[in-house]
Structures are given as structure tokens and as C-alpha cells.
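Asks: For reference, the chains in residue letters:
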Amino acid sequence: MKAKKVSLYSLTGFSKNNLQLLRLLIQQELTLRYKRSVIGIGWTLLNPMLTSFVLWIVFSFLFAGKLQTGQQFAPYLMAGILLNTFFNQGLLQAANSIAANGGILTKVAVPPKIFAFAAALAAFINFLIGLIPLTLVVYISGQSLSIFLPIVLLVGFFLALFVAGVGLALSVIFIRFDDAKNIINVLLLILLYLTPVFYPISILNEQMQQIVTLNPLTSFLDVFRWSFSNNATVTGADFAYLSLTGIIFFALGSYIFKKYWPRTVSML
Amino acid sequence: MSLVIDAKNIDFAYRVLTNHQSSLKTLFKDSLHRKVRIENYQALKNVSFEVTKGETVAIIGKNGAGKSTLLKLLAQVVPPTKGGLEINGTVAPMIELGAGFNPELTGRENIIFYSALLGRNVKKVKQRVEVIADWAGVSDHLDYQLRTFSSGMIARLAFATATDEVPDLLLIDEVLSVGDGEFAQKSKTRMQEIIKSGTTVVLVSHDLLTVAALADRVIWLKKGEVVMVGKPSEVITAYQTSEI
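Quick note, the sequences are listed as chains A and B, same order. Residue numbers are given in the numbering used here: position 51 of the first sequence equals residue 53, and the series is strictly consecutive. Residue numbers are given in the numbering used here: position 85 of the second sequence equals residue 107, and the series is strictly consecutive.
These are calculated hints, taken from the structure and not from any lab test. Only a predicted model underlies this, so the values are computations on that prediction, with no experimental measurement involved. Beta carbons: idealized from backbone N, C-alpha and C, even for Gly.
Lysine-lysine pairs mimicking DSBU-like chemistry, simulated, CA-CA at most 35 Å apart:
1. K261/A / K244/B
2. K261/A / K104/B
3. K18/A / K208/B
4. K261/A / K67/B
5. K30/B / K261/A
6. K84/B / K261/A
7. K104/B / K18/A
8. K18/A / K148/B
9. K75/B / K18/A
10. K245/B / K261/A
11. K260/A / K30/B
12. K47/B / K183/A
13. K245/B / K260/A
14. K260/A / K67/B
15. K260/A / K51/B
16. K218/B / K148/B
17. K260/A / K148/B
18. K261/A / K75/B
19. K51/B / K183/A
Which residues of chain A face chain B? A few of them, derived with a C-beta cut under 8 Å, are:
20. N19
21. Q22
22. L34
23. G105
24. I106
25. T108
26. V110
27. A111
28. V112
29. F179
30. D180
31. D181
32. A182
33. I185
34. P264
35. S268
Throw the hints in and build the complete structure from the sequences for me.
Replies: Spelled out as C-alpha cells, the structure:
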């Protein structure tokens, strides 16, 4: 009997060559979407700015005065949109990725999870690129970057775990049930309204505030806004809540995927 | 002798939905009526065999006998429902070549991506890209997007990429040559070279002449069960007799 070696492979199920594949997949995810447009990846910069601008025109009349003193609505709104896009697009792409690559997965032995991870990490990188225009908006509205900026990376890391975990669990459901996608879209819309993306939490009544605080995305968003330009108030509980959410959902999603994948793969 | 494949009492069942829709709505409806909607279709029953290093084994049988399913199990794409399957070494499946080719990527990017999917080292492949494209005869198109390639060029590129590295175990589903005329001959020669080079090969084919020429041993499958294992001449004769 050979002793089992502890290696990258035994820990993650990925070999060194699989990590190279992961890199290629992320590259594709980032570049292919804009391959046929003139400004290419520039859309990643422009998209959140345009969306934010439209929403800013609509909502600044309603909410701009409702923030705490020192906080600015434009960067508040754009930070919300960036994080929400990271979550939404990452989740849907991770959940779709495995069905979309079914043709490959039924012919070549590739660890299927790699496609979901690539989607979550690509969303993370898109989010990081989006921080460049956000920085502009921060300075235009008279704020400056916070010294806690590196914490943004941590927020992104845990959100990527959260996205990958939920995405993996959803991916087996998406293959099994055709109409699951529509239901998830509605749930994501509800979740968007339960996250203070474009409104300050203070405009809600006490009961609603409690519900919104229970939403883990609220903690992600508050810590992000606080660490980027000191545009929110946070407590230690927010940090604990977001990191636990990331870890627990990642473990849970991986478990569900591992359990149901062997039965699902023959349906591809 | 070291075993490359050790299959013990393998069962494999596909899950088939009794009605064709699969939605949460029907699941909810049917759970109220307590209907069972999923049936198992038994594609392989109690299949056992061993393949030693360097052997070429052919699987024969009618359509629907479970040949391609068995190859998928050997490719480790799906796990067996029951039983034990052990495979030692690197595996290259030649099943529907070019699965993973992306029309939006260039020829070069596709060679690298397809190789990465096959579990190869990307750094090594990058040095081989020109050689692969040259062998496939698509050198001057290497940096164009794949959607500008003709279907023949895509098939040649896929074949050249898939056969660029010789694996420990090669799985072949009818792909013994691709393209037309000169390239068909060229690819056939390469395939035979690989098979004779001492690699372990499992091949599925309807062409009994090829099987007789290439295989050391033949496994005959019928309705998911092994009918006979043995020398090509004996098994093929028995198979042909039973067909009539």
C-alpha cells in the first residue's frame, strides 16, 4: 500500500494543470463577452458608470439628503451597484456554467466545479476593474479613499466564496429543472430590494430595517462602502457575518454539488 | 503485469424522466399525486474486465449495447452506479473530437484551451502550437478566429491536438481517421502508429476488419452485458454467427 500524499490535488481535487485551465477560463469569461465590440473590455469600466448615472438621476432627488453627514450619495449608489452586479452576474454565470459546458463535461474528464469557480472569480475581477471608475466618483463627490482599502479585497474574496457555493448548488438544480432559472430571477430581484443598494437603510421602518440587516449582502455592502471611502458605518458583527456567510455557503454548496453531481451528470 | 483498467462488476443506469418535461412545477404537481417520474435505464449490467499495460482492446456490439457508455465510464466522465472501476495513468478520450472548441477564439487559443481541457501542461503546449497547426495544415490560419475555419480544418485541428501527446490510456470511439483524401490517410497512419507504440488502447468500432487487425483482445457487449471476451478471431466469429 502506498501512503497517500498530501498535495494540491488531494486538497482541492484540482491538479496543477487544472489551475492553468482555470486561468484560461477566467480570461475567456472576461474577454469573450466584449470580443465583438469596438471598445472591448472598456465596457467593464463604462457599464457601472452608465448604470449608476441613470439611477443617480432617478434616486438622488429621493435619497441624497437621507444619508449621514459626511457620506455622499453618488459613491454610495455606485458601490452598491458594483457589489450587486458582482453577486448577481457571478451567481447566474456560475449556476449556468456547468450546464453550458455540458458538451465538454460529458466527453472530457475535467473537474466540473472549475467552471463555476471561473465564473465567480471572473465576476470578482470585473468588480475590481469597476473600482477604478468608483475611485473617480469618490473624488468627484469630494471624498477620498480610506486607509482601510485593502479590506475590499477580503470582502471580495468572501463574496466570491459565497457566489461559488450558491452557484454550485444552483447548477445541479438548473440542469434538473428547466423552470428553476425563472424562479431564481424573481428571488434575486426580491433580494436586490432587500439590500440597501440605492436607498439608505435609515428610510425604512424599524421592522424592515431588521429584515434588511439579516440579509448577509447588507453586511458585505456596508463593509465595502466603509473600507473604500468611509461611506458607511460598520460593526465587528458585520465582519463576522460576511466571512461566516462566505465560508458556510461555500462548504454547503460544495457538499450539495458533490452529493447530486453523479446523478445529474447523466442528464446532461 | 500492471493493470491500467480494473473494472469489477460495474453497473450503470441512466436516469430517464417518464414525462419529457422537467420542471419544478411538474415535480410539485406529481408529488401531490405521488407519481414516480424517474426511471432508471440500465445501460450496463455487471461488467467486469481487466486491461493490462500495452494491450489494445476492442469493444464490439450492436447499437445500444452499451459500448459508448462504457467508454464514458472509462473516460471518468461519469461514475459507475455500482461496482468498482480503477484506472491508472493519464487518459485521452478521442470521443467527439473538438468538444470544447470555441468559435470565437483563434486557432492558437483553441489549441491551448483544448489541451488544457485534456489536462495537459499549458506551458509545454504553447511551444508545440506551431507544430500541431503545421501537422493539421492550418498554419496560415492560426491567428484567425475558429468561426472562419472550414469544418474540415476544424476536424483536422482537433485530431492533431488530441493526438499530439501520447497518453497512458487512449479511448477511441470510431475516430480512426478524419478529413478526406490525403489527410485521412495521414491521420490513419498516425493512429496506427500510436496504437502500435505500446500505449494501452480501448476502442469501440463497428468495423470488424479494423478490429481484427488492431485488437489483441475483443469484448462483446449485448444489452449491457458481457457476452464473450477473447481473441479477436474467436469473438468476431461468434458475434457474426449470432447476428445471422
